[in-house]
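Engineer: Make one complex out of these two single chains by using the hints.
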Amino acid sequence: MTVPFDVARIREDFPILRQTIRGKPLVYLDSGASAQKPRAVIDAMVQAMETQYANVHRGLHWMSERTTDAYEACRDAVAALMNAADRSEIVITSGSTMSMNLVANSYGRGVLKPGQAVVISAMEHHANIVPWQMLRDSHGIELRIAPISDAGELDMEAFERLLEDGKVGLVAITHMSNVLGTVTPAERIVQIAHAHGAKAMLDGSQAIVHRRIDVQALGCDFYAWTGHKLYGPTGIGVLWARRELLEAMPPFIGGGDMISSVTFEKSTWAQVPHKFEAGTPAIIEGIGLKAAIDYVQSIGYDAMAAHEAALTDHALARLGNIEGLKIYGRAQDRGGVISFALDKAHAHDVATLLDRQGIAVRAGHHCAQPLMQRLGVDSTSRASFGVYTTLEEIDVLADTLTRVREFFA
Amino acid sequence: MAETFDDLRDLYQEVILDRGRHPRHALRLETFDATAKGDNPMCGDRVQVYVRFAPDGTIAQTGFEARGCAISIASADLMADSVQGRSKSDTVAMFATFREMARTGVCPACDTAMERLAPLSGVHEYPSRVKCATLPWHALIAALDDVKETSSE
Numbered sequence: 017m018t019v020p021f022d023v024a025r026i027r028e029d030f031p032i033l034r035q036t037i038r039g040k041p042l043v044y045l046d047s048g049a050s051a052q053k054p055r056a057v058i059d060a061m062v063q064a065m066e067t068q069y070a071n072v073h074r075g076l077h078w079m080s081e082r083t084t085d086a087y088e089a090c091r092d093a094v095a096a097l098m099n100a101a102d103r104s105e106i107v108i109t110s111g112s113t114m115s116m117n118l119v120a121n122s123y124g125r126g127v128l129k130p131g132q133a134v135v136i137s138a139m140e141h142h143a144n145i146v147p148w149q150m151l152r153d154s155h156g157i158e159l160r161i162a163p164i165s166d167a168g169e170l171d172m173e174a175f176e177r178l179l180e181d182g183k184v185g186l187v188a189i190t191h192m193s194n195v196l197g198t199v200t201p202a203e204r205i206v207q208i209a210h211a212h213g214a215k216a217m218l219d220g221s222q223a224i225v226h227r228r229i230d231v232q233a234l235g236c237d238f239y240a241w242t243g244h245k246l247y248g249p250t251g252i253g254v255l256w257a258r259r260e261l262l263e264a265m266p267p268f269i270g271g272g273d274m275i276s277s278v279t280f281e282k283s284t285w286a287q288v289p290h291k292f293e294a295g296t297p298a299i300i301e302g303i304g305l306k307a308a309i310d311y312v313q314s315i316g317y318d319a320m321a322a323h324e325a326a327l328t329d330h331a332l333a334r335l336g337n338i339e340g341l342k343i344y345g346r347a348q349d350r351g352g353v354i355s356f357a358l359d360k361a362h363a364h365d366v367a368t369l370l371d372r373q374g375i376a377v378r379a380g381h382h383c384a385q386p387l388m389q390r391l392g393v394d395s396t397s398r399a400s401f402g403v404y405t406t407l408e409e410i411d412v413l414a415d416t417l418t419r420v421r422e423f424f425a
Numbered sequence: 005m006a007e008t009f010d011d012l013r014d015l016y017q018e019v020i021l022d023r024g025r026h027p028r029h030a031l032r033l034e035t036f037d038a039t040a041k042g043d044n045p046m047c048g049d050r051v052q053v054y055v056r057f058a059p060d061g062t063i064a065q066t067g068f069e070a071r072g073c074a075i076s077i078a079s080a081d082l083m084a085d086s087v088q089g090r091s092k093s094d095t096v097a098m099f100a101t102f103r104e105m106a107r108t109g110v111c112p113a114c115d116t117a118m119e120r121l122a123p124l125s126g127v128h129e130y131p132s133r134v135k136c137a138t139l140p141w142h143a144l145i146a147a148l149d150d151v152k153e154t155s156s157e
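So the sequences go chain by chain: A and B. With my numbering, the residue at position 381 of the first sequence is 397, and numbering never jumps. With my numbering, the residue at position 121 of the second sequence is 125, and numbering never jumps.
Worth double-checking, as some hints may not be accurate.
Derived DMTMM-like pairs: lysine to aspartate or glutamate, alpha-carbon spacing no greater than 25 Å straight-line [what the hints assert, rightly or not]:
1. A:40 with B:69
2. A:40 with B:10
3. A:40 with B:14
4. A:360 with B:69
5. A:360 with B:14
6. B:41 with B:153
Rather than coming from a laboratory, the hints here were simulated on the basis of the structure.
So that you can see chain B by itself, here it is in the shape it has in the complex (with noise of 0.2 Å):
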């Protein structure tokens, strides 16, 4: 039954199917500094994301609250694991890495930290899912830069 869909475990790895079932990180967070909501118009996902920081600026916990599919929810899981101690212009970089990869299925400018996005790079063969994969990533850049609202279109 299950290697019908073989073919497929390089989209829904474990890690994205465990991370889809149990994300570590969906929760409001008590207290936060910034948040923002991320809104996919095409297919009605939506996710908040919430950030605290740390007296250095730095991002110190991230937490969101989402209604999607495993991959939208299993990427914000990863993110929120990626991002914590990062400033924000790293925060900033490190998305246009992931989202390089996103797209193109390889990553020449990833580094040991990209490694737990890894497992998301199988969205690039499927075109109209690559915004499941980002949704959470606006919506956190959107809380950086103090915009309420954002979405991936």
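Only chain A is shown next, with the shape it has when bound in the complex (with noise of 0.2 Å):
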């Protein structure tokens, strides 16, 4: 790595970190869950209803017209990131979790036919299981469950097994586990998908913040993320999907904004991706979002990997080194968040132990309980890290955690 990461001047980027919790100073240890924001998301978030508010897309007026080339510049700024092949692929949506459900209730309902499937595999988030579920359930696709390894990784012989049918039309699976780390091969799974007549969609909710995303090098059909997790404000996401997909896709949510004319009789739809976005957008938070895609973009990708992959390495030398404690997730290719367990002690009392030394990290079940089943555990804690977290963070949880051991010994 040459180009040195100066964590002490990110750090200065993110007011919330001068903060004191308990009396000790933050070590927050959970931006897998949501991450913090740095100075120039909220200042471009209050800049911005301070002095050119109004609602977008329809006004005729100054302030209007500025917003909306404000909020609009947040869909060229995720093209960029992205490399998506035009600015009409990207629907801004509210969440990764509603960018999956706009796939099931559209592409699910709207192209695939009842009989086919749909492959997860055993490691996904509830986005990426339930909307899945639901449309099993009201249009007769059939659901398929790729398994994982004791280490955490895809079953790639067992998963190209699943779609050896011709029956699958789609496959969505994480491109990074939110529990494990395990950042899967996107790529391979993509082709193999292919192969086999479905399309492919990645969760990159966690990836996104952790590797640069290119869409066509990736050769996905979908992919769904989150602004939150990317030091950016919440309700506000992204589906990006293939033009010719989007064309063929019936709209999911009606309303105001996604139609080019409408009467009692019928009502006709606007263009790609307008056609996905009924109603006001996330006006603000799309500005948010915008500032926080410049922000990463001005540290770089590979600046942020080669971080995290010290911090990683470091996480899991030092807690491996723990008595007692057991890490979830031993992927060869694995990004900055790391599930482990205490022997003495639950993970909810572990995270209220480490809280009071101003330690936040999440535990529980993740939102995936039927990994959660696969690993035969009923929860765990998580430590998962930022552009912001240091080497000295990561000892300090490994010398609260041992003490932790002692408390409930």
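Structural biologist: What follows is the structure in structure tokens.
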């Protein structure tokens, strides 16, 4: 790594990190749930509300035109971030959950036929399980589950076998597990899906934070992610899809902004992507997401990935040395999300004790109950890292976990 | 080392750590008259409560099987002690008092019978943990009401 990563300088960009929690410096290790916001994002949103706020796509006045430009700049930033072929392939949604529900309801009901199958994996977030179950029950789609190994990697041979009968219309798999940190072999997944006549969707909610996503290089058909994990606001996310797919798909939510014309007899739809964007969008959040993307691009994915790899290696080494601590997920290709359990203490008790030392982790099933069942646990604790995470914070976590274990011994 | 968590002793009093580690009533009763499952869907905690009634309809024995944190297991164990010999209406009233104590940390309505449960009052400072303490009670009341499943939501 030739480019030095100045984490101290980056931390200055995040006002919240100056806080103390219960008298202790905040050690925020829950970025996988939601990342903190840099000053640039906060300022962009406040400034938009203070100086040029109006509704978008409809006003003929100065304020609306300015706000429309600022909001639509988000779409351009997303398209550049993901290397989309065209900005019309970017559907702005309320988050990954809505992106997945959009595909399930629109592509699922409008293009997939009853009797076809959808393949997900054993390590999906509930947001990439439940919409397909609902589709299964309402539309006669079969749901197939690709298994994972004990190390937490997708079993590629078993995955391919699930597609052999040619009935699979869509593969929808995480690009990075929110529990195990596993980065899945996305290009290979897409190749296998296409070889068997299926489309491929990737849930990039975690991956977008950790890797440069190039949808044209990945070759996938749908890619979903959410803004708030990428240092942006809540309530805004992205569905990227190939333009020809979006054009073939019926709208999912009806309302204003998504129509071309409306009479009581019949309505016609706006061009893509607006066909999928009914109602007043999350305007301020869009402006905030643009600022977040600019911020991330200014640091650069290469630098972020190198920083994260150093943090992850250090954390795996430090946590791996704690007696009675088990780490879940040992994939070769992985990101900075680490789930673990202590033999003497339940995950919730661990989280409460860590919280008393100012350390924020997540504890529970991480919206992945089937994966918990696969791992044979009810819950785990999870530390997840961001651009502002330091090696020293990981040392604080490891030292405190040693004491937590003594407390419950 | 241990003093790191000194300010947590309000929450994790010795009796809670002890009951969390070595619960007295963590068993499926060989014979029981009522049972119900409690689920905390937000965190994945689960408890199955078993109740055997005396001929007069009061609670003769309570047992439980739980997957959960120290707070929920200690609470289930102390509950099993506390409700023995009580009628259904007594038990319902006791839960109402206990829930108020868990939420507020104070207990104006507490009598000596509640003393055993007092160590759990520390949860009021941790709103996300109050449900850990009340989950076994929800399951017990569901069993008394002949309901099979309940949640702490």
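Engineer: Give a verdict on every hint.
Structural biologist: Right, here's what the structure says about each hint:
1. A:40 with B:69: Cα-Cα ~37 Å, so violated.
2. A:40 with B:10: Answer holds: residue 40 of chain A to residue 10 of chain B is near 14 Å, not above 25 Å.
3. A:40 with B:14: With a Cα-Cα distance of about 19 Å, the restraint between residue 40 of chain A and residue 14 of chain B holds, given a limit of 25 Å.
4. A:360 with B:69: 18 Å, holds
5. A:360 with B:14: 20 Å, holds
6. B:41 with B:153: 5 Å, holds
When each numbered hint is compared with the structure, a violation occurs for hint 1 only.
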